Amino acid sequence: MSGGGRSLGERPWQSGTGSSQAVTYAVLAAAALVWIAPIVVMVAASLRPEGRVLPEAGTLRGLVPTDPTLENYADVFQRVAFTRMFWNTLVINASIVVGGLAINATAAYALARLEWPGRRWSLALVLALLIVPFEAIAVPLFYAVTTLGWRDGYLVQILPFVANALSIFIFYTFFLDFPRAVEDAARIDGAGPWRTFIEIVVPSSRTVFATVAILTFVLHWGLYLWPLLVTSRVDARPLPLGIATFRALPPVQWGDVMAFAVMMVAPVAIVFAVLQRWFARSVAAAGIKG
Amino acid sequence: MAAGLGLALAAASCDTPPDATSRAPIDVEVWYHAGQPGERAVLEAQAARFNGAQDSIRISLAFLPEGSYNAQVQASAVAGQLPDLLDLDGPYVATYAWQGHLRPLHGLLPENVLADVLPSVRNQGSWNDTLYALGTFDSGLALYADAERLASVDARIPQGPEDAWTVSELDDVLGRLRARDADGAVLDLKLNYEGEWFTYAFQPTLRSAGGGLLDTSDDTPAASGALDGDGSRRAATALQRWLTGGFVDPNLDDAAFTSGRVALSWSGHWDFPRYREALAERLLVLPLPDFGQGTRTGQGSWTWTIPRTSGHPREAASFLRFLLEPEQVLEMAAANGAVPATRTAAMRSETYRPGAPMHVLLRQLEDGWAVPRPRTPAYPFASSIFQDAFDALRNGEPVGPLLRDAARTIDGEIRDNHGFRRP
Amino acid sequence: MNAFAPSPAPRPDPDPGPGPAEKVAPCPGRSARSRRRISFTGLSMAAPALAGLGLFVAAPFLLAVGLSFTDLRLGSPLPVSWVGFEQYMRVLSSTTFRHAFLNNLYFTAVVVPLQTGLALAAALLLDRGLRGTAAARVALLLPIVFPMALIAVVWELLYAPGPDGPLNALLGALTFGAWVPRDFLRDPALAMPAIIGLSIWQGMGFQMVILSAGLQAIPRQLHDAAALDGASALHRFRHVTLPGLRRPLILVAVITAILSFRLFDQIRILTRGGPQERTTTVMYEAVTAAFDRQQVALSAAMSVVFFLVVLFISLTGRRR
Chain A
1 MSGGGRSLGE
11 RPWQSGTGSS
21 QAVTYAVLAA
31 AALVWIAPIV
41 VMVAASLRPE
51 GRVLPEAGTL
61 RGLVPTDPTL
71 ENYADVFQRV
81 AFTRMFWNTL
91 VINASIVVGG
101 LAINATAAYA
111 LARLEWPGRR
121 WSLALVLALL
131 IVPFEAIAVP
141 LFYAVTTLGW
151 RDGYLVQILP
161 FVANALSIFI
171 FYTFFLDFPR
181 AVEDAARIDG
191 AGPWRTFIEI
201 VVPSSRTVFA
211 TVAILTFVLH
221 WGLYLWPLLV
231 TSRVDARPLP
241 LGIATFRALP
251 PVQWGDVMAF
261 AVMMVAPVAI
271 VFAVLQRWFA
281 RSVAAAGIKG
Chain B
1 MAAGLGLALA
11 AASCDTPPDA
21 TSRAPIDVEV
31 WYHAGQPGER
41 AVLEAQAARF
51 NGAQDSIRIS
61 LAFLPEGSYN
71 AQVQASAVAG
81 QLPDLLDLDG
91 PYVATYAWQG
101 HLRPLHGLLP
111 ENVLADVLPS
121 VRNQGSWNDT
131 LYALGTFDSG
141 LALYADAERL
151 ASVDARIPQG
161 PEDAWTVSEL
171 DDVLGRLRAR
181 DADGAVLDLK
191 LNYEGEWFTY
201 AFQPTLRSAG
211 GGLLDTSDDT
221 PAASGALDGD
231 GSRRAATALQ
241 RWLTGGFVDP
251 NLDDAAFTSG
261 RVALSWSGHW
271 DFPRYREALA
281 ERLLVLPLPD
291 FGQGTRTGQG
301 SWTWTIPRTS
311 GHPREAASFL
321 RFLLEPEQVL
331 EMAAANGAVP
341 ATRTAAMRSE
351 TYRPGAPMHV
361 LLRQLEDGWA
371 VPRPRTPAYP
381 FASSIFQDAF
391 DALRNGEPVG
401 PLLRDAARTI
411 DGEIRDNHGF
421 RRP
Chain C
1 MNAFAPSPAP
11 RPDPDPGPGP
21 AEKVAPCPGR
31 SARSRRRISF
41 TGLSMAAPAL
51 AGLGLFVAAP
61 FLLAVGLSFT
71 DLRLGSPLPV
81 SWVGFEQYMR
91 VLSSTTFRHA
101 FLNNLYFTAV
111 VVPLQTGLAL
121 AAALLLDRGL
131 RGTAAARVAL
141 LLPIVFPMAL
151 IAVVWELLYA
161 PGPDGPLNAL
171 LGALTFGAWV
181 PRDFLRDPAL
191 AMPAIIGLSI
201 WQGMGFQMVI
211 LSAGLQAIPR
221 QLHDAAALDG
231 ASALHRFRHV
241 TLPGLRRPLI
251 LVAVITAILS
261 FRLFDQIRIL
271 TRGGPQERTT
281 TVMYEAVTAA
291 FDRQQVALSA
301 AMSVVFFLVV
311 LFISLTGRRR
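Chains A, B and C, in that order, are what the protein sequence lines are. Sequential numbering from 1 applies to the first sequence in the numbering used here. Sequential numbering from 1 applies to the second sequence in the numbering used here. Sequential numbering from 1 applies to the third sequence in the numbering used here.
Isolated chain A (complex conformation) (with noise of 0.2 Å):
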C-alpha cells in the first residue's frame, strides 16, 4: 500500500500503481473482447455469401466481413415475413409498456397514498405475485386461453403481461418516498386524488416511469415460451418465434439466420448503447429479471 499522492476522498481501488492500472486495462480489453465476440461473429457471418459462412467462421476472418454482400438481408425478406412480425414484436410490446405504465403506476399510487376497503389485501397480494414466475402459470394459463378459443391475436399476447407485480412494487416504493408536502399543497386547492396524481406526481416522476418502462421492454420484447403456445399462424407472431422456426427450415442457411438476427437487435442494441446508463439503472432498480 504505497500511500503516495492518494487522497482519502478517492475509491480505495481506484488509483495505485501503473502496473495494476496496464492489468486492470488488459483484463477488462480481453473480457469486452469475449463478450463481444459473439456479436462480431454474427454480424460478419450475416455480411458474408452463404457457402462462407460456416467454413469461415472459425478462421480469424470470421470477424471480419470479407467480400461483403446483403444478399441474406434479402433473402431473409424473401424467406420470412419480417415486416410483419417486426410489427407484431412494436405493437404487442408497445402495448405492454404503455398499458403497464398506466395501470400499474396508477395502482401503486393508491396502495402508496390512499385509504381504501382491501388496500392492505391487495398490497400482500401484489408482494405474494411477486415470486410466482410466469413459467409456473403458463401451462394453466395456456389451458385456459385454448379452450376458451383465445389464439392467433395481440391481445392473447398482450394482456397477460400488463399487470405486473413487479412494476407496481418500484412504482410502490417510489411513490412511498415522494414529497407529501406537494399533493398536500394540491389537495389543498381542490384537486382529487386522480388530478392531483396526474399533474403533479406524475409529470414529477419521470424517472421511475422511464426505469420500469425500459424494464418492462427488456423484459417481454424477447418473449419465446407464451407467443410459441397461443400463436399458429406467422400474421401473429412476433420476430423471437420468428428467428427459431426460420432456423427450423432446412437447411440451415446460416447467412440468412444471422441477417435475421442483426436486423432484429440492431434497433434495441443502439437505443441501449445511447441509454446504457439508463438501463443499467433500471436493472438495478428492479433487481429482478424476468
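Check each hint, because a few of them may be wrong.
[Claimed, not checked] Calculated from the model, a selection of chain A residues having no Cβ within reach of chain B, i.e. all distances over 10 Å:
#	residue
1	Gln21
2	Thr83
3	Ala94
4	Leu123
5	Phe209
6	Ile270
[What the hints assert, rightly or not] Cβ pair distances, simulated, as ranges:
#	chain 1	residue 1	chain 2	residue 2	range
7	A	Thr83	C	Pro79	42 to 50 Å
8	B	Gly100	A	Val274	52 to 60 Å
9	C	His235	B	Glu194	53 to 61 Å
10	C	Thr95	B	Gly52	52 to 60 Å
11	C	Leu102	B	Gly400	22 to 30 Å
12	A	Val40	B	Arg274	27 to 35 Å
13	B	Glu327	A	Gln78	21 to 29 Å
14	B	Ala24	A	Ala81	58 to 66 Å
15	A	Val40	B	Glu194	27 to 35 Å
16	A	Ala81	C	Ala109	40 to 48 Å
17	B	Gln293	A	Thr83	50 to 58 Å
18	C	Gln276	B	Gly52	48 to 56 Å
19	C	Ala47	A	Val274	32 to 40 Å
Hint data in this document are derived by calculation from the structure and do not stem from the laboratory. In this text the structure is predicted, and so the values were computed from the model without any measurement. The beta-carbon is built from N, C-alpha and C at its ideal position, and this holds for glycine as well.
Following the hints, complete the assembly by docking chains B and C onto the known chain A.
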C-alpha cells in the same frame, strides 16, 4: 383480434341476401407445414393456378412452422379454430380422428380418384375402417449401396423385396466390408437425424422380425406382447449389435455415404437425388434386410384432412381433388423427391416407374412390403417412448429389460386414456 | 419478499412490512363522506391492475393446483375425473423428471457461483473508474438486451460441429491441433456445459449492474479508515467490500438460482432436452407434457412442484 373482426365481417356479409351482391368466391383456408422451401413454392403455385382457373372458390394458404407443428394444430383444434383443409403428418391422423376433429373423406371424392391412390396412402389415412386422410405423395426406405464396394466383397445383390438380404447375410457383408475399411464404420443409419426418424426407420424391422411397436389387432392397442415379444427382441438385438459394434458411422456431417466413408446407407427416398449425384452409376437401391418374415419398409408422409368444423368441406375436397391430378402430383413429387401418391402419376414418374432406379420403393408400397406406423391414437406417445428406447439401445443397455420398460410405459399411457376407446 | 426487494443504492431500504399503513394518514379535517369518496377512488385506481393480476397470475395459479388433481388431457374426448395425488406420484417417481431436476441443480450449481464470481470481478474492475472503461461496460452489458431465442441461434453457429465450427477451431488453435472437434450440443458430456456457457454470457451483465450499484453504496469512509489503518487491498476486500456487498450478493445469487430453474428457451431451441436427457429441465418437461403430449394435468403438477422449489429458494434467500 383481427381474426375476430374478420369473422364479424364475414357474418355480417352472410346476412345480406345472396342476390343483392355478385356472388363472392368461397374462401377455403388451407394449413400446410412450412417444411422444405421447394414444397412450399409448388403448393403456392398450385393454389394460384387453382384460384385462377375458376372463380367460385378461393384458396388461402397459411404456412405453420414445422418443429412444433402438431402442438400448434392440436391447440388450435382445442380452440375450435381448424381451417377447411389441414395438412397432418400421417401417424397423427388417428389421434385427430379419435378426438372427433376429422370428417370422413368418403363421399367427398369420386370413387375413381380414390381407386387410383396407392393402397399404402389410403391405408395410412384410415382409422377404424374409415378414410380420413389422403396424401399426394408417400415415402419409403431403402438400403442405398455402393455397387463397387459390394462387388469388392463379393456380396450378393438382391433384385427386389422378395430376395432382400437376411440379417445374417447383412452381418456377413458388414464384416467383410469392415475388413477393408479405414475406421471400421461401414453403415449409415442416419444417427444425425432426430425424433420421429428412429420410429419411422426402425419400427419396420420389428415387424419384419414378427414383432412390432404396438399390437392393434384388438380394440385396445397394446405394446406388451408386441414391443417386448421375441420378434422385437431379435430385431433390437441385431440393431444393437451394429450400433455398439462400431459398424455405424455417427454421420454428424450427413456426408458419410456421399463422401465414401460408408458403403451402405439406411435412408429414405429424399436422399436419392443427392446420392445419385455423388455415386452416379455406382448407386444401388436395395430393400432393407429381412429379419425373418420378409423385408418391411416405412411409409406414410404428410397428408390432407378436412376438419369437421369446416363450413366448406366440398370446396376443400375439390381443391384436394385438384392436387391429386397427375400433373399436380408429379410436380410436387419432383419438388420433394417423394413417391407420387397415385398410380397414374407414379407410372409417369422418371424416378419410380418400372425400370426406373427407385421403382423398388413403389413396389414396396404397392405390394404390401411397406407397413404404416400403427394407426392408433396411442402412436405419438408410443413413438416418443420408442425413440428413448432406441437411445438406450445405442448406449448398450440390455435389450430385454429396456423393451419391457418401454412397453410398460406405453401401456400405462393407454390405460390412462381408457384404451383410447371410441367416444 | 425481501430477497426480491430492489437494492437501489440511493434509496433507503424499502420495508413493505407494517410501514405503509402508518404512512397513509387520514386527512385531517375531512368529512366522513368525502373520505369515503376518496376510499372508492383508491379502489378504482387500483382496480385495473389488481384485476389483471388476479385474472392472469392468481387465477391461473389456482387453476394449476386444481388441474393437478385431475387426469385432464388437452383435446381428449374422454371425461375428466379426479385422481387425487396420482399426478404428483407420477412426477416424483419419473426418472425423466428426476433427470430434469438434477440437470436444473447441475446448472444452478455451476451458474450461480461462476456467474456471480465473474460479475463481481467485472464490477470491481469497472468500479476503479479508469478512463475508457465505459466501452468495456457496454460490451459486457450488451447481451442482456438480446432475446434468448436469438442468442441460441448465434451460439449454435459458434458451437457448430466439425473442425470449421468456431469454438472447435479456436480450441484447435489454442491446443496446437491437439483438440479433437466435438459436437458440443449433441455430446452427452458437453451439452449442458454448452448451454451454461451461453446462459452465463447473457446473464452476467445483469448481475454486474446490481453489484456495481452495491459497490457504490459502500461508504467511502469505511475504505479510507481501513486504508489509514494500513490494511492491505486483499484485507479491505475481505473485511470491507464483501460485507458491504452482502445483500446484493445474496440477491443476485437467489435470483440466479430462481432463473436457473426457469431454464427453457435455449433448451427448446437447441437441444430439446437431449442428448439422453442430459439437458432436459423441469420447465422443459412441464411444457412438453402439456404442449407436445397434451398431458395438461401432469404438467400442472410439475408447475406446482416448480413453484414450490422457487418458493423454497426465495424463502432461503430471505432468511439470510
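Structure-based check of each hint:
1. With 10 Å as the threshold on Cβ separation, the claim that Gln21/A sits away from chain B holds: the shortest Cβ distance comes to roughly 47 Å.
2. With a least beta-carbon separation of about 16 Å from chain B, Thr83/A lies farther than 10 Å from that chain, consistent with its non-interface assignment.
3. With a cut of 10 Å on Cβ distances, Ala94/A stays outside the contact zone with chain B, its closest approach being about 15 Å.
4. Residue placement check: Leu123/A keeps its beta carbon more than 10 Å from all beta carbons of chain B (closest about 33 Å).
5. For Phe209/A, the non-interface assignment is confirmed: its Cβ lies about 27 Å from the closest Cβ of chain B, beyond the 10 Å cut-off.
6. Remark: the non-interface label on Ile270/A is consistent with the geometry, its nearest Cβ contact in chain B lying 29 Å away (cut-off 10 Å).
7. Checked against the hint of 42 to 50 Å, the pair Thr83/A and Pro79/C passes, with Cβ atoms roughly 47 Å apart.
8. Evaluation of the 52 to 60 Å hint for Gly100/B and Val274/A yields a pass: the beta carbon distance comes to about 56 Å.
9. Look at His235/C against Glu194/B: about 55 Å separates their beta carbons, and that is inside 53 to 61 Å.
10. Under the hint 52 to 60 Å, the C-beta atoms of Thr95/C and Gly52/B, about 57 Å apart, fit the expected range.
11. A hinted range of 22 to 30 Å holds for the C-beta pair Leu102/C and Gly400/B, which are about 27 Å apart.
12. A beta carbon spacing of about 34 Å between Val40/A and Arg274/B agrees with the range 27 to 35 Å that was offered as a hint.
13. At about 27 Å, the beta-carbon gap between Glu327/B and Gln78/A stays in the expected band of 21 to 29 Å.
14. The hinted range of 58 to 66 Å is not satisfied by Ala24/B and Ala81/A, whose Cβ atoms lie roughly 26 Å apart.
15. Range check, Val40/A to Glu194/B: about 30 Å between beta-carbon atoms, so the 27 to 35 Å window is met.
16. Taking 40 to 48 Å as the suggested C-beta distance range, the pair Ala81/A and Ala109/C conforms, at roughly 42 Å.
17. For Gln293/B and Thr83/A, the Cβ-Cβ distance of about 56 Å falls inside the hinted range of 50 to 58 Å, so the restraint holds.
18. Gln276/C and Gly52/B have their C-beta atoms about 52 Å apart, which keeps the hinted 48 to 56 Å range intact.
19. Separation of Ala47/C from Val274/A is about 37 Å and conforms to the stated range, judged on CB atoms against 32 to 40 Å.
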